[in-house]
Amino acid sequence: MPFVSPEVYAKEKIAAIQDYAILSWHAVINIFSGPRYWADIFTQMDSIGVGSMPIVVLTGFFTGCVLALQSATSLQEFGSVSLTGNLVALSMVKELGPVLTGLMVSGRNSSGMASEIGSMKVTEQLDAMRALGTDPVRKLVTPRLYATVFMLFFLTIVADAVGIAGGALVSVTLLGLNASTYFHNSYRALVDGDIVQGLTKPLFSGFIIATVGCYFGMKTKGGTQGVGKATTQAVVVASVFIIIVDFIVSRAMIGIFGR
Amino acid sequence: MPSEIAIAAVAPNAAPTMEPIVVFENVSIAFDKNSVLEDVSFSVHRGETRIILGPAGGGKSVLMKLTNGLIKPDSGTIRVFGEEVSAMREADLFKLRARIGMVFQESALFDSLSVEDNVAYRLHEEHVPEAEAHARVVEALKFVELEQAIDKFPAEISGGMRRRVSIARAIVSNPDLILYDSPTGGLDPITSTTIIALVVKQRDVSHTTSLMITHRLQDAFLLARNHFNQQTGQMEPIANGGVDDSTKFLVLNDGKIVFDGTTEELVHSTDPWLKEYLA
Numbered sequence: 005m006p007f008v009s010p011e012v013y014a015k016e017k018i019a020a021i022q023d024y025a026i027l028s029w030h031a032v033i034n035i036f037s038g039p040r041y042w043a044d045i046f047t048q049m050d051s052i053g054v055g056s057m058p059i060v061v062l063t064g065f066f067t068g069c070v071l072a073l074q075s076a077t078s079l080q081e082f083g084s085v086s087l088t089g090n091l092v093a094l095s096m097v098k099e100l101g102p103v104l105t106g107l108m109v110s111g112r113n114s115s116g117m118a119s120e121i122g123s124m125k126v127t128e129q130l131d132a133m134r135a136l137g138t139d140p141v142r143k144l145v146t147p148r149l150y151a152t153v154f155m156l157f158f159l160t161i162v163a164d165a166v167g168i169a170g171g172a173l174v175s176v177t178l179l180g181l182n183a184s185t186y187f188h189n190s191y192r193a194l195v196d197g198d199i200v201q202g203l204t205k206p207l208f209s210g211f212i213i214a215t216v217g218c219y220f221g222m223k224t225k226g227g228t229q230g231v232g233k234a235t236t237q238a239v240v241v242a243s244v245f246i247i248i249v250d251f252i253v254s255r256a257m258i259g260i261f262g263r
Numbered sequence: 368m369p370s371e372i373a374i375a376a377v378a379p380n381a382a383p384t385m386e387p388i389v390v391f392e393n394v395s396i397a398f399d400k401n402s403v404l405e406d407v408s409f410s411v412h413r414g415e416t417r418i419i420l421g422p423a424g425g426g427k428s429v430l431m432k433l434t435n436g437l438i439k440p441d442s443g444t445i446r447v448f449g450e451e452v453s454a455m456r457e458a459d460l461f462k463l464r465a466r467i468g469m470v471f472q473e474s475a476l477f478d479s480l481s482v483e484d485n486v487a488y489r490l491h492e493e494h495v496p497e498a499e500a501h502a503r504v505v506e507a508l509k510f511v512e513l514e515q516a517i518d519k520f521p522a523e524i525s526g527g528m529r530r531r532v533s534i535a536r537a538i539v540s541n542p543d544l545i546l547y548d549s550p551t552g553g554l555d556p557i558t559s560t561t562i563i564a565l566v567v568k569q570r571d572v573s574h575t576t577s578l579m580i581t582h583r584l585q586d587a588f589l590l591a592r593n594h595f596n597q598q599t600g601q602m603e604p605i606a607n608g609g610v611d612d613s614t615k616f617l618v619l620n621d622g623k624i625v626f627d628g629t630t631e632e633l634v635h636s637t638d639p640w641l642k643e644y645l646a
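Line by line, the protein sequences are chains G and C. Per our numbering, residue 5 is the first one in the first sequence, and the count goes up by one each step. Per our numbering, residue 368 is the first one in the second sequence, and the count goes up by one each step.
The reader is advised that the hints may include incorrect statements.
What the hints assert, rightly or not - Cross-link-like lysine-lysine pairs, in silico, DSS-like; alpha carbons within 25 Å at most: (1) G:Lys223 to C:Lys439; (2) G:Lys143 to G:Lys233; (3) G:Lys125 to C:Lys642.
As the list claims (entries may be wrong) - Ranges of calculated distance between the beta carbons of each label pair, as one might list FRET restraints: (4) C:Glu499 to G:Val12: 50 to 58 Å; (5) C:Ser525 to G:Leu173: 53 to 61 Å; (6) C:Glu497 to G:Asp50: 48 to 56 Å; (7) C:Pro496 to G:Asp196: 21 to 29 Å; (8) G:Gln74 to C:Ile438: 50 to 58 Å.
Hints were generated in silico from the structure; no laboratory data involved. Glycine is no exception: its CB is placed at the ideal position from the N, C-alpha and C atoms.
The shape of chain G in the complex, shown without the other chains (with noise of 0.2 Å):
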């Protein structure tokens, strides 16, 4: 890499957080004016959405079980394992359900886009699409936001769910527990505050996800080495944003909620 002043590095960073706003801004505000690509909105839901469900599902699962054990070890301590349903499903669904299913949908979808769109960019693609006449952020990166979005939505909702019944299993085959007193637990845990933060952050991982995405997509150049830089760099920057937007968000429900 060329060793570069300063001054023209801070340039080109805030160059490129202009062009990320200005993207964002345009895939976010095409929506309320026509042409709408719907067919393409619900195509990029079924492969961002139903496509991400078996990693989703597996991480949940198998992240409920392993929460459920370690945090049997430390609440035998204190004569607490029955308190185990709480601790699941107080962790999956404020903290580890949204976060791990939007790191997993990033690393699939993220780079996903990157290199779909960078491959379009890199074999001119993209510039005969505005010379057909179409807009490619309104074609390509708006119906990717909003089904981005609203999928991971549910994508999460799902994450939890089996989340849940993983820490279930794994209480009443390994720990001895009651299905009932786990289950009862788990929900008397929960409050309305726990279920809004956690389903607010997807909102914004979604949003962190597909542009993020289609952003390296477009800036992509210099050809298959500029795609594959592209969806490295879309799946590494996705990841981080979604661990700094997912503490920022935790903080404001907190001062909002109070827990």
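Dock chain C against the given chain G, drawing on the hints supplied.
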């Protein structure tokens, strides 16, 4: 083989003015401080076929993208159909581009769409009824003699066939201006001649204004010295070694115009660089 789509291209959008279709005035553009085009001025009139010649890296493709508004110049003005594309918003450019067909250097076909969907792309965007869109796609593919490939995907056809599909995609909406960006680049001589024959056919049957980039002199002179015989359906040399009056040349070198004129003027030019280039 006369083509209805090509004939139809002449009439509907023709404005009653004799203003040039494309006008460049003192256009300059640089990338990363490297000047690509410098103070370029020229105009292309209705029905004219302008061949853009020059060594690789001379700014030809940039000039083509500027014409279509895909990139903006650093300075100067570009007018297409009387509208200043260099100052238009992207949303307005989409409407203007409905009148412009473009054939990209590497075809730029959408690889996830079939040949039919590629050619029909603009028709689908304009919500043309499916039956009519299919009929127009078949007609455009017949023009490029590729109707048998309608169900194939770009990856399943050869490079030459992809260029022909790209030409079909450019002409399917009966544009008033066609931009050919190196349509013969990287092709073997026989396939190149087939592509040039299609350009000649489009020129002589529909008289569509066009800009064609090439760095192959033989293709440029093939275009200038041949015409399309609608009776035989073949490209033939113009009698007595004549040249097509509507075909003119623009030669670029290092981002500057070194020649702007007719075929005769080009071959009789005394410019030392030009003589060496043409030799």
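Any hints from earlier that this structure breaks? Give me their numbers in increasing order, please.
Numbers 3, 6, 7 - these are the hints that the structure violates, sorted from lowest upward.
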